[in-house]
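> One line per chain: the protein sequences are A and B, in this order.
With the first sequence counted from 1, adding 621 to any position gets you this note's numbering.
With the second sequence counted from 1, adding 621 to any position gets you this note's numbering.
One or more of the hints may lead you astray.
Each pair may be met inside one copy or between any two copies, as identical chains are not told apart.
Said to hold, decoys possible - Subject to a maximum C-alpha distance of 25 Å in a straight line, what follows is the list of computed PhoX-like cross-link-like pairs (lysine-lysine):
1) Lys697 x Lys668
2) Lys644 x Lys668
3) Lys765 x Lys729
4) Lys745 x Lys644
5) Lys668 x Lys701
6) Lys697 x Lys745
7) Lys668 x Lys629
8) Lys635 x Lys765
9) Lys684 x Lys629
Just so you know, these hints were derived from the structure itself, not from any lab.
Number of protein chains: 2
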Amino acid sequence: MPYDFILKDLNASKTQKKIGTDKGLAKIGDGVVNLAYSVAKSIYLTKSAANNAIIRTGWKVSKEVLSTALKNAGLKSFAKSRADAHDIADTAEAIIAYIWLNDFLSVKEMVDLLVDNLEGDLYKRTEETKNATNAFTVLLKHLKKYLPES
Amino acid sequence: MPYDFILKDLNASKTQKKIGTDKGLAKIGDGVVNLAYSVAKSIYLTKSAANNAIIRTGWKVSKEVLSTALKNAGLKSFAKSRADAHDIADTAEAIIAYIWLNDFLSVKEMVDLLVDNLEGDLYKRTEETKNATNAFTVLLKHLKKYLPES
Chain A
622 MPYDFILKDL NASKTQKKIG TDKGLAKIGD GVVNLAYSVA KSIYLTKSAA
672 NNAIIRTGWK VSKEVLSTAL KNAGLKSFAK SRADAHDIAD TAEAIIAYIW
722 LNDFLSVKEM VDLLVDNLEG DLYKRTEETK NATNAFTVLL KHLKKYLPES
Chain B
622 MPYDFILKDL NASKTQKKIG TDKGLAKIGD GVVNLAYSVA KSIYLTKSAA
672 NNAIIRTGWK VSKEVLSTAL KNAGLKSFAK SRADAHDIAD TAEAIIAYIW
722 LNDFLSVKEM VDLLVDNLEG DLYKRTEETK NATNAFTVLL KHLKKYLPES
């Protein structure tokens, strides 16, 4: 993978906290998360649309979705101590960026995982929040095997 | 490419305006643009950093950068008539999403193109705006060959 040099420091001494509290990774991860979810949502809505309509859309995944998913996936140990929901969401984004930059999973593989785990009516906001949280929980659980154990 | 079914309508009757004025594509493109630029900026800053520092960062690419780049690349014909800067930036994002979803270029190929065309001191805001505009102009010019001629 040509970009792992921007992870050299993290890969040299990998710890859960170093990855999970890296602010730059969280910024990059914000892009990965929103892109993957937007495409997953478009695919899901297109697949379930009446009369073969094609739906392209985007959604900024909320901090609430990401922080709940991180906790549900059992990855809260990557966040700093006394982290609030915002910090925990940043940790989810940092982990996802770490995985993507290391090429453990591509954006398209993340999209596929999300699509497979979306359900319900995403046009209803509270239902979307619940179902997006579930899908990100599955994604984050899947990433565990690439992450340090402490 | 597994996702071109969410482009089926656009690919069936491709026109510059249909691609360039698609609001859903613009939302997806927003993610591609910010992700590609954030990684490109991180790589550029890391390569030019003193004492082998590793820089990871993100930047929300402004509408101004994207609208100027689209005009400089000679792709304004993809925007709606009487488009303002915001509309024109959306057109740049829609084109970039169209290219990415069709798999003509990956995020990582876009990152490479941007890195190769970044220069100057990106820690200075006006200089970053100018240099990001140049890099996106080169990227958009490169995409022309994948796009319809009218």
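> With reference to the structure, classify each hint as holding or not holding.
Outcome of the hint check:
For the identical chains of this complex, lysine 697 and lysine 668 are neighbours neither inside a copy (34 Å) nor across copies (33 Å), given an alpha-carbon limit of 25 Å. Proximity of lysine 644 and lysine 668 under a CA criterion of 25 Å is satisfied inter-copy only: 19 Å between copies versus 36 Å inside one chain copy. Taking the shortest Cα distances, lysine 765 and lysine 729 sit within 25 Å of each other both inside one copy (18 Å) and across copies (24 Å). In the homo-oligomer, the alpha carbons of lysine 745 and lysine 644 lie at most 25 Å apart only across protomers (20 Å), although the nearest pairing inside one protomer, at 32 Å, exceeds that limit.
Proximity of lysine 668 and lysine 701 under a CA criterion of 25 Å is satisfied in neither setting, with 39 Å inside one chain copy and 29 Å between copies. With identical chains, the CA atoms of lysine 697 and lysine 745 are never at most 25 Å apart, being 28 Å at best within one copy and 36 Å at best between copies. In this assembly of identical chains, lysine 668 and lysine 629 lie within 25 Å of each other by CA distance solely across copies; the values are 12 Å between and 40 Å within a copy. Taking the shortest Cα distances, lysine 635 and lysine 765 sit within 25 Å of each other inside one copy (14 Å), while across copies they are farther apart (42 Å).
Taking CA atoms no more than 25 Å apart as the test, lysine 684 paired with lysine 629 passes in neither setting, with 28 Å inside one copy and 33 Å between copies.
Of the numbered hints given earlier, the model fails hints 1, 5, 6 and 9; all others are met.
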